[in-house]
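Each protein sequence line maps, in turn, to chains R and C. Using this note's numbering, the first residue of the first sequence is number 1, and each one after it goes up by one. Using this note's numbering, the first residue of the second sequence is number 1, and each one after it goes up by one.
Errors might be hidden in some of the hints.
Copies of one chain are not kept apart here, so a pair can be met inside one copy or by any two copies together.
Dumping the calculated SDA-like pairs for lysine to any residue here, alpha-carbon to alpha-carbon at most 20 Å [stated by the list, open to error]:
1) Lys-8 with Asp-47
2) Lys-72 with Gly-93
3) Lys-196 with Met-77
4) Lys-113 with Thr-59
5) Lys-70 with Ser-42
6) Lys-106 with Glu-132
7) Lys-196 with Trp-94
8) Lys-72 with Ala-100
9) Lys-9 with Lys-29
10) Lys-82 with Thr-101
11) Lys-70 with Leu-57
12) Lys-106 with Thr-59
13) Lys-82 with Glu-202
14) Lys-82 with Ala-100
15) Lys-82 with Asp-102
16) Lys-113 with Asn-51
17) Lys-113 with Asp-103
18) Lys-9 with Trp-94
19) Lys-106 with Gln-69
FYI, nobody ran anything at the bench for these hints, they're computed from the structure. As the structure is a computational prediction, the values presented were derived from the model and not from experiment.
2 protein chains.
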Amino acid sequence: MSKISEDKKQLLVIGGRGALGQAIVRHFKEKNVWVASVDHGSNEEADLSLNIKRNELHTTLDQAQWIEQKLKESLQMDAATKTLDGIICVAGGWMGGNVATDDFLKSVDMMWKQSVESSVVAAYLARRFLKEGGLLVMTGAQAAAGPTPTMIGYGMAKAAVHHLIKSLAAEGSGLPRNCVVVGLLPRTLDTPNNRKFATGNEDYGSWTPLSHITGLLEKWLGSQNKDIQTAERDHNLILNIKSSSHIFQSNNKNSKKKEKKSKKMAKILSIAVALTAILFMAYALPRPQDEATEAPPAEENMEKRKPENQHTHFWPIPVLSSRNNVKARVGREKGGRVGIVGER
Amino acid sequence: MSKISEDKKQLLVIGGRGALGQAIVRHFKEKNVWVASVDHGSNEEADLSLNIKRNELHTTLDQAQWIEQKLKESLQMDAATKTLDGIICVAGGWMGGNVATDDFLKSVDMMWKQSVESSVVAAYLARRFLKEGGLLVMTGAQAAAGPTPTMIGYGMAKAAVHHLIKSLAAEGSGLPRNCVVVGLLPRTLDTPNNRKFATGNEDYGSWTPLSHITGLLEKWLGSQNKDIQTAERDHNLILNIKSSSHIFQSNNKNSKKKEKKSKKMAKILSIAVALTAILFMAYALPRPQDEATEAPPAEENMEKRKPENQHTHFWPIPVLSSRNNVKARVGREKGGRVGIVGER
């Protein structure tokens, strides 16, 4: 493989063969981004397609190390270089069932494998490949912000992913500096498969088009990360996403009545729909200013520092940059907005 | 095995060989309760000790079905009878590590196996053995109510358990009627092992004595379940636990100074210590009164009813008995109290 030109952004999509994953790969290829896809199957549109074979790579460690090796070969990187601008994990699945369902234990196991294991592999790879200031996106679910008695395994897995996202975004998680960790918490994505299993009574206009997600991802990737931080800092993220609610309008004709309805729908469903809910917090370890001239400590040493010692540092920048400034919260907002949000 | 006398309460303890599990088995044996222990190892004090052999029972389904079979034999029950008054899962473990730790993926896997799999087995067994109105207790962790960047696998597993608890407590989870689902969210239990790994700077007075937990469990088991509900209904549960803060005082002499300190400590640490945080919601499917004379629907049919149909019922009892009255919330209370609580 020829060397990737240095000004080209590089993106890894885990779950690159699913409906959303394919849309993301295609979108960023069109934007001249180098894109690698990882999935149980190939995505021929990607610059690099890694096909995880379940029967050869049993554990998450097997999978992670195999991907790691393949990426290193393709990116022609040495051990110290980190080259990816973004890692996006959209692998997952759905299986319902309560504790009375025959397949209850199977559903717990399967949802864990599909949603959680792929996400922790993403975290593992982010540690090794993501540039400072890079973007790490994982996929949760709005439903898992509350109890899911009729789809217990699914909810548990997504709750674990939400916790992973919040923890990765917190100080001391071991990610490269200034990374942005974002959780997508969709309600229903508008995919062919979801339409296939629809009962016919759905309001498709309330489903999230994949193009809306790819648009957000593009906005977030790379130089515009700062914008996410700013939005978050202003407690304004959800509003920002709300304002990009063209997705509703695009589903409505331009008659005044429809427009009114559209506005109302946008108001009511905006968060419920757009992605519905997003966490992002900047993960950052800015050096205190009085130490700014020092070389950064070796990462190995940083890892061994006890949290107590970390707390003795003063982090002077109030931009979602330390545990002191950011708390993660999962909850139901007033007005029914649900998601993970950062609060300061 | 001789038939268990019918008026004797029956309890299953999962993790009955750990420090807390042993304390629970001993406590309830002294109270004349029939106690079964499940663990990777035997507890000879229990009336029935089931030793799960990891190398023979690989999956949660293998384990759950094996326990199910053994319990049926011991309890001499037929398929329709449910006989346990309580199931308490205190199995678990701890392994730290952030994403930069060599064992990151291993820690995720191990924490899942130890905390989550044992909890879902408890849920599986609760469906099959727990009496109506029975008690199901699982063990979360206060730490997992917020991000855990330096112990990611642990936090993810406990977050999944919290979600399981909330979901089991919600309408439609498939548990027997009127069960009470409680999550213990300890900070640090005062066990020999935790003392062994203490750094020496710990305030042991702030650790939760096992006797405090066994006391609560005894209060909750059986006829006094209603008290939990009442406390919860009054938003008073945490206060109730606070008020049983003899555990602090028992660590302090009776001098006035110490007493003052003791009160202050009790105030500051009460929730942080006692269990720190508890979810409980009654899971109940009371029949609407106009159907009270009907035979209960077959459980199989109930399971197949769609959630939408369930919502068309009116649940007349405002005691934590339906989704309409109870919402589960994970969050940080004002004043630093952390936990899962029911809110209405």
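Taking the hints in turn, this is what the structure says about them:
1. Lys-8 with Asp-47: This pair counts as within: shortest intra-copy Cα distance 12 Å, inter-copy 68 Å.
2. Lys-72 with Gly-93: Neither: 28 Å inside a copy, 35 Å across copies.
3. Lys-196 with Met-77: Classified as neither; 43 Å inside a copy, 44 Å across copies.
4. Lys-113 with Thr-59: both (10 Å within a copy, 14 Å between copies)
5. Lys-70 with Ser-42: Answer is within; shortest intra-copy Cα gap is 14 Å, inter-copy 46 Å.
6. Lys-106 with Glu-132: Classified as neither: same-chain Cα gap 39 Å, cross-chain 25 Å, threshold 20 Å.
7. Lys-196 with Trp-94: within (14 Å within a copy, 43 Å between copies)
8. Lys-72 with Ala-100: between (46 Å within a copy, 18 Å between copies)
9. Lys-9 with Lys-29: Answer is within: at 10 Å inside a copy they meet the 20 Å cutoff, but 65 Å across does not.
10. Lys-82 with Thr-101: Result: close only across copies, 17 Å inter versus 45 Å intra.
11. Lys-70 with Leu-57: Intra 14 Å, inter 35 Å, cutoff 20 Å: intra-copy only.
12. Lys-106 with Thr-59: both (17 Å within a copy, 9 Å between copies)
13. Lys-82 with Glu-202: Neither way: Lys-82 and Glu-202 sit 44 Å apart in one copy and 40 Å across, limit 20 Å.
14. Lys-82 with Ala-100: Between. Shortest inter-copy distance 14 Å satisfies the 20 Å Cα cut-off; intra-copy 47 Å does not.
15. Lys-82 with Asp-102: between (46 Å within a copy, 18 Å between copies)
16. Lys-113 with Asn-51: within (16 Å within a copy, 27 Å between copies)
17. Lys-113 with Asp-103: both (15 Å within a copy, 18 Å between copies)
18. Lys-9 with Trp-94: neither (32 Å within a copy, 39 Å between copies)
19. Lys-106 with Gln-69: Between copies only: 19 Å across chains, 31 Å inside a chain, cut-off 20 Å.
Of the hints listed earlier, those the structure fails to meet are numbers 2, 3, 6, 13, 18, in rising order.
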